[in-house]
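Protein chains in written order, with the working numbering: chain F, 1411 to 1828; chain Y, 244 to 530.
No lab work stands behind these hints, which were simulated from the structure alone. Some hints here could point you the wrong way.
Derived DSS-like pairs: lysine-lysine, alpha-carbon spacing no greater than 25 Å straight-line [to be verified]:
| id | chain 1 | residue 1 | chain 2 | residue 2 |
| --- | --- | --- | --- | --- |
| 1 | Y | Lys353 | F | Lys1578 |
| 2 | F | Lys1553 | Y | Lys435 |
| 3 | Y | Lys353 | Y | Lys282 |
| 4 | F | Lys1507 | Y | Lys435 |
| 5 | Y | Lys524 | F | Lys1418 |
| 6 | F | Lys1507 | Y | Lys380 |
| 7 | F | Lys1800 | F | Lys1819 |
| 8 | Y | Lys353 | F | Lys1657 |
| 9 | Y | Lys435 | F | Lys1554 |
| 10 | Y | Lys466 | F | Lys1507 |
Partial chain F-side listing against chain Y, Cβ under 8 Å, derived [stated by the list, open to error]:
| id | residue |
| --- | --- |
| 11 | Ala1510 |
| 12 | Leu1544 |
| 13 | Leu1549 |
| 14 | Asn1669 |
| 15 | Ile1828 |
These figures come from a predicted structure and were not determined experimentally. Even for Gly, the Cβ is constructed at its ideal location relative to N, Cα and C.
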Amino acid sequence: MEKDIILKATNISKQYRLGQVGTGTLSHDINRWWHKIRGKEDPYLKIGEVNDRSIKGTSDYVWALQDINFEVERGEVLGIIGKNGAGKSTLLKILSKVTAPTTGSIKSRGRIASLLEVGTGFNGEMTGRENIYLNGAILGMTKKEISSKLDEIIEFSGCERYIDTPVKRYSSGMTVRLAFAVAAFLEPEILVVDEVLAVGDAEFQKKAIGKMQDISKGEGRTVLFVSHNMDAVRQLCTKGILLEHGKVKHKGNIDTVLNLYNLKNDTYSKTLFVSKNIEVIKPQLKSVYLDENEISLNNLVLEADFISSNEINNPALGIVIYNYLNNPVFGTNSRIHNNGYIEKKCKEGKIKLTIKDLPLLPGHYFVSLFFGDSIVDFEKYEEILKFEIKNNNTTFINVPDVRFIGSTKLNNVEWNLI
Amino acid sequence: MDSKSTNDWLFEITPKNKFFSLNLKEIWQYRDLLMLFVKRDIVTVYKQTVLGPLWYLIQPLFTSITFTIIFNNVAGINTGSVPPFLFNLAGITVWNYFTACLNGTSDTFKANASIFGKVYFPRIITPLSVVISNLIKFGIQFLIFVFFYLLYYFQGASLSLNGLIVFFPFLILIMGILGLGLGMLISSMVTKYRDFSNLVGFGIQLLMYLSAVMYPMELIKQKLPQFGWIVAYNPLAYIIETSRFMLLEVGSVSTLGLLYTFFVTLTLFFIGLLIFNRTEKNFIDTV
């Protein structure tokens, strides 16, 4: 079947100049202009570094985006994820024509409307109703279109009582509700959404996500969605793009992309933790080791060496396993499952945990540890280890097109229609 | 992968604009936005004020009174048979339209950076809305001139309109386009170098003295022949002198001067548009 590509980005790059605008910029401008009138290439395009905000660079020019290529099909909901400064917002700005790319081009078969930090076009002096018209027009609607949807917009916003009051009297949540309501009733073929769900209460967030699902699934429109709210991304999106330092690190199925994103930068499996603390003042873990061979056999075998300057009364270890969405999957400690665990007083020693037949589906998991005695936690070690469950001898994982909910593998499930 | 013909794309986003593009079709699509901006500009000025739209009238009135006292009573500028107050009011009303257009449009990018940074619409809508809303403001201010004109007329002052008055709206249009062109030019440069916004502030004041607002053009040529040529090269001076001729039949009309004004206005407008178009694509990175 032929793909129905609605948006196509080829070799999108965006260069920014760092530092302040001053005399240096003027000389660069003149130099650039001098190259241009002689028909030469911009001398500053050749330089420029990968955009990593944490490391010190030598050039004043950075590439916020570099060689971005992707295609979006009609009706697809594409999640764009990445850490702060990865280039997500720059990409959306280019898509919504706020700024132009330095190189490359974007071709589109549909009108693009953006919802970047809603409510920016609001005028505090004007009433809610007047602002619906103004904001709608800024977003590209005609007066007629807005009038025909006015009642729906007011109802969706839930601000009916305040609708003829100046917006400056609104609470910030109400402003966002009103702004989102206007945008939700836009009818572009492509909707660009950036972090709008961060504000607003739980009820409204749910409503907003529902509305966006309607837009994409019900009305078949294309949505590009940027958020740090992984649950929202997972609920809404079908495909994803992972950006890192201005480059596409991965694109594809949203679950794969989210899984990769949560690997926190390391590509290898981290199964050994060694404490950097040399001085032993309070009780702590010296090192933790997760047996990778056992993981591949679907068993979790963890050994933790602890040390203390004083004697510990009944050392105890707790463990919580998180999935790639940072949701806890399960947890235990040496007191919940204490079969065979003999408590004693000691200054140092080793605690070993063995869990046979992990009920986990393939994916990446993180380990948090809590070290304490019979009364208090001395120290918590959050997400210090991670491991990957590979697609192994699990019986039904190879069945195609089965979507699982959650992270655990259910072995004894029986459905009956009686 | 994509086997469809490559030319059925609705639009394309590329690094550069076409060399010259005034996308009238797109502006037409956003006409409602233009009107809403105009409405916003007008309505919000007098929200939460007691005097409301009266504020539009107070400024030209008091400026004219001040000018009459300083330039006519103290400095003794002769305005012929026309009452000096009316002479000044005519000049100031027309001049005000120009300054309002220039002031309003010259910081288009800076003042609207927060909206422009979030959502796309043809940027030219914003300066256009300024020019239109100020035209309405000019209309209100012009009413006060009509009021005083009739007042003086019925008190027996020898006043007469010139037949050329039918071209007055055209003259005001030229004034608006000149303000818009210059404003777009300056606003584009302000995005990167704020020096220009300082320039506009006192530049407008200096320009007023060179634009024959409070004196007839003939007078400066007589009294200061060595500087008179500066005024003669100022297109604004011709507009103000001509509008006074139309309204009060005082001063002169120079066909050559008006042609010159027309030419300068169009040139400035197109240069302004060109630079504005180039700026709107990337200004958000430098503003």
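Hint by hint, here is what the structure shows:
1. Y:Lys353 x F:Lys1578: Cα-Cα ~22 Å, so holds.
2. F:Lys1553 x Y:Lys435: Since the Cα atoms of lysine 1553 of chain F and lysine 435 of chain Y sit roughly 35 Å apart, the hinted pair is violated (cutoff 25 Å).
3. Y:Lys353 x Y:Lys282: 21 Å, holds
4. F:Lys1507 x Y:Lys435: 20 Å, holds
5. Y:Lys524 x F:Lys1418: Since the Cα atoms of lysine 524 of chain Y and lysine 1418 of chain F sit roughly 20 Å apart, the hinted pair holds (cutoff 25 Å).
6. F:Lys1507 x Y:Lys380: 33 Å, violated
7. F:Lys1800 x F:Lys1819: 13 Å, holds
8. Y:Lys353 x F:Lys1657: Measuring from Cα to Cα gives roughly 31 Å; hence the hint is violated.
9. Y:Lys435 x F:Lys1554: 38 Å, violated
10. Y:Lys466 x F:Lys1507: It is violated: about 55 Å lies between the C-alpha atoms, which goes past 25 Å.
11. Ala1510: Holds. Min distance 4 Å.
12. Leu1544: Status holds, d = 5 Å.
13. Leu1549: Hint on leucine 1549 of chain F: holds, closest Cβ of chain Y at ~6 Å, below 8 Å.
14. Asn1669: 25 Å, violated
15. Ile1828: 50 Å, violated
Consistency with the previously given hints fails for numbers 2, 6, 8, 9, 10, 14, 15, ordered from lowest to highest.
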